[in-house]
Structures are given as structure tokens and as C-alpha cells.
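Colleague: Protein chains in written order, with the numbering used here: chain A, 181 to 439; chain B, 181 to 439.
Some hints here could point you the wrong way.
It does not matter which identical chain is used: a pair holds within one copy or between any two.
[What the hints assert, rightly or not] Below, a list of computed lysine-lysine pairs in the DSSO-like style, where the Cα atoms sit at most 30 Å apart: (1) Lys433 with Lys238; (2) Lys207 with Lys292; (3) Lys296 with Lys419; (4) Lys248 with Lys194; (5) Lys405 with Lys367; (6) Lys367 with Lys396; (7) Lys238 with Lys429; (8) Lys269 with Lys296; (9) Lys269 with Lys319; (10) Lys248 with Lys438; (11) Lys436 with Lys292; (12) Lys356 with Lys319; (13) Lys367 with Lys296; (14) Lys396 with Lys248; (15) Lys207 with Lys396.
Quick caveat, the hints were computed from the structure, so don't treat them as lab data. The model shown is predicted, which means the values in this text are computed figures rather than measured ones.
There are 2 protein chains.
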Amino acid sequence: MERESLKIVKIGGKLIEDEAKFSEFLKDFSELEGPKILVHGGGKMATDIAGKLGYETKMVDGRRITDKNSINVITMVYGGLISKNIVAKLQVLGQNSIGLSGADGFSILSKKRPAKEIDYGFVGDIEKVNSGFISSLLKQEIIPVFCAISCTEEGQLLNTNADSIAAAIAKAMSEKYKTELYFCFEKQGVLADAEDDNSVISEIDTQKYQQLLEDKVISDGMLPKLQNCFEALETGVFKICLGDFRLLKQDSKFTKIKL
Amino acid sequence: MERESLKIVKIGGKLIEDEAKFSEFLKDFSELEGPKILVHGGGKMATDIAGKLGYETKMVDGRRITDKNSINVITMVYGGLISKNIVAKLQVLGQNSIGLSGADGFSILSKKRPAKEIDYGFVGDIEKVNSGFISSLLKQEIIPVFCAISCTEEGQLLNTNADSIAAAIAKAMSEKYKTELYFCFEKQGVLADAEDDNSVISEIDTQKYQQLLEDKVISDGMLPKLQNCFEALETGVFKICLGDFRLLKQDSKFTKIKL
Chain A
181 MERESLKIVK IGGKLIEDEA KFSEFLKDFS ELEGPKILVH GGGKMATDIA GKLGYETKMV
241 DGRRITDKNS INVITMVYGG LISKNIVAKL QVLGQNSIGL SGADGFSILS KKRPAKEIDY
301 GFVGDIEKVN SGFISSLLKQ EIIPVFCAIS CTEEGQLLNT NADSIAAAIA KAMSEKYKTE
361 LYFCFEKQGV LADAEDDNSV ISEIDTQKYQ QLLEDKVISD GMLPKLQNCF EALETGVFKI
421 CLGDFRLLKQ DSKFTKIKL
Chain B
181 MERESLKIVK IGGKLIEDEA KFSEFLKDFS ELEGPKILVH GGGKMATDIA GKLGYETKMV
241 DGRRITDKNS INVITMVYGG LISKNIVAKL QVLGQNSIGL SGADGFSILS KKRPAKEIDY
301 GFVGDIEKVN SGFISSLLKQ EIIPVFCAIS CTEEGQLLNT NADSIAAAIA KAMSEKYKTE
361 LYFCFEKQGV LADAEDDNSV ISEIDTQKYQ QLLEDKVISD GMLPKLQNCF EALETGVFKI
421 CLGDFRLLKQ DSKFTKIKL
């Protein structure tokens, strides 16, 4: 039997903080047909509030450390303020949804990243996604809205990369669904020329990716994102697209990632 | 057909902040059989964090005003930090649960309290509980964990009395279930003598309530709580008990409220 399509859409913190663009995005998201999932990051809101609370952001070798205060702020901001307000906005658009962290339904289980040269603190690497729980919500026509927090088996909430959460969910759900993964970020897609926002590469397969790597076209920030995309495709995700807040529109420009 | 029992347990912020007592409470809660719901307040944690963020707590005539900053802090603290950590702890006890506000599933709809002599700000009076949504979670053996936040039809989150949320849920679910409401607070029940913590009145019916009112035994804080209890019993709730963090134990002392 043909699997039903499932769309997993991931949005970053910058988009959430832009009221006009975010309103437009939510309207487009609400018009998507069929089962869907939203995954959101939180951007600088958590850092701002941590600063106001007098918690200094610890950095080691340019990497952020998530200490006890940080994970609490992240839980408050991503899991509370942002999550519940997104759900409220979606409800007004007639979209029945619930805001979830990895603790809810034990849906996203992770392990604390082991401390080697650097101890990242309360950061999680995803081990398991509870696809059964997510399916049961989808069957009730509930839209799961996930924030960037996973949970250990011992009940510790962990800061987790939102792209990784979106990809892990897509992979886990690929058994039951034809999964389509949509990453909304600041640009309309992967750019051939970093200085030209219109130079969107429409399709990147493994061959093109190698070529772009050799030509040093891909920025440092985009490298891990693309590697994750290929890994997701290799493990069963059906379709992956990168674009900006207009990605879900019919006529949008975007980059499609293929094997 | 005989309705199945459903237990709704409400706990206050003070209990959540006492690590040892709260651990013990959660263990007892996890041992309750059958469908159950947890409702939690947040105590002074939200006020503490609001203070740290430099938001002054506005008071008018001794009543707290929930301004824009306050509702955001409440959403962060109750809907995020407390909610997700309770869920994580319950998951470790093998209790599948999800943390909800009134926005999730549009489960608890309210209207902003109208400003008369005082404008309370973003405070909600409950209008409707989505019992169908809650039932569907219970049927999947998921424990709903509600924080003290409701939502308007326009998507505005509102600060809402946790006792009121517990009672409203119990009333709404009384159509499908034989509902039992448990209020856990600082004392083992309603006290005959405010100075004697052991003077727990074991049962209060409407007649006894009148007598206690005349004898001026009931404190100001307890008055609205008891009025709410009687109103809940009159509108279909089957059983109501008041006690402390040990209320759910087999041998606990408590006050039972009857019509």
C-alpha cells in the first residue's frame, strides 16, 4: 500500500522573531494538506533572556556551552514561550496542534554528549524517536509542534540541534510515511554566489555536492546542513527542500536535495 | 454502562519547589490506577524570575496584575520549565504524559477578565474545556499534565487559577467519567483550628459548611476554594478531597467534601 505523505517543516529563530514573515509562513503552513509536523528553533531569544537573568553565555573554542542555567532558560523559552504561542497561533488558523519537547511522550530520546576536549554541558545527541507516539497524534489529526529539546532516559532535558530533530523525526517516520523535509532559513536556498541572494541552486545531488565542495562554494554553516540532508535521504527520507520563509508556497524558489 | 473513574489531581507551586516531597508525591501519583490528569500551579518561581528580569510585580488593591511581561514569564515558567520537567520525571516513572496549556488542543478556552474597577490584565475566566481532546489522550493512556494557562479564541494565552482549571476539567469530563478531584496544598485538609495542623475535619457537607462559616472557622483563603468545590459537586463531579502532598496515599488524612 502506498505510504501517505508526511511533511516535516523546520523553522529557525530569526523567522519566529519576524512577526510579518512568521504570520505569512504560518498561513502557508496551515494550507498544507495532509499530515504535517512543525519543528522550531529559538534563535537569540533564549540568549537575550539568559543575559537579562545575569547568566553569562559560556563559550569554549567558539562553541556555546549549555550549563544548568542555560538548559533551564532554553526549556522556558523554546518549550514554553515560543512553543505555546506557536500552538495558539495555529489554533486560531484552525490547525489543531500541541507543543512538545522530547520529554512529552518520551518522543525524542537522547544521550548527553560525552565530554572530550570540550564538555558541551546539557547538549543531547538523539538516539531514538518514538514514531508510534507521533503517529497516534497524526492519526487524530493533531499537528505535533516540536521545540529543540530532547530528553534522556533519566529525565534530563537537553539542548538539541533543531535541524537534527527535524531530520531524526523524518527518518523515524519514513517507515510509515513518505516523508518530505523542509528547512526554512534566511536564504531562498543554497547559493552559488554568497554575495548574490538570487543565485539559488535549484537542485543538488551527490555529484553536484562534490563539485560545489571542490569549487569551495558551500559556506561553513551550510556544510553540516547538507551532510545531514544526504544522510537523511540515504536512510529513507523521500524529499528534502531548503528555502526561506516562502518555501511552502507553490511558486517559491528553493533548493531540492537529491541523492 | 458504569462510567470509568478519572482522577484529577491539582498541586501547588510550593510542593513542586520541595524536591523531596515532590518526588514522593510523583511516586504516589504514578501508582494511582486508571486514567488520571495532573494540574499544576507554579508558585513563586514565576515571580522570582520576573523579578530577576527586572519586571516589577504590579499590585492593585492587593491583587496581582498580569501585564504583558508577566504572561510571558508565566508561559515560560509554568508552560515550559515546570511543565516539561514534570513530564520528564513522570516518564522516568513509566508514566506516559504530555505537558499542556489551554492552547494545546485548544483544550481550555477562556475570556480575558473584563476590566471594571481593576484591570487584571492577561487573566482568564474559563469558558469551555475540550473534553473530546482530553478523552482521546486518555484513551491512548497518555496522562495530560496541565499548567495554569488558558487560551482565548483569538490565541491569547491567559494566566488562570490552577484550582479553577482543575475544577473545570473535572466538570467537563463528568459526562464521560466518574470524576474524582484531589487538591494537594500545605495542610492535611481543612482545619478546625488554624493553629493546630492536626485538627483536620474529615468530612464537610453543605450543612457542615454553613456551620463552619457561622463559627468563622474557615480562613479567607479557604473560602473560595470550598465554594468552588461545592459548585463542582453540584455540576457533576463525583468526589472531592483536600489534603497535603501525601493525599494520594491509602492511609492519608484528608478532608472529603460532599453535598
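Colleague: State the violated hints by number, sorted upward, taking the hints as numbered earlier in the document.
Modeller: Failing hints, ascending: 1, 3, 7, 10, 11, 13, 14, 15.
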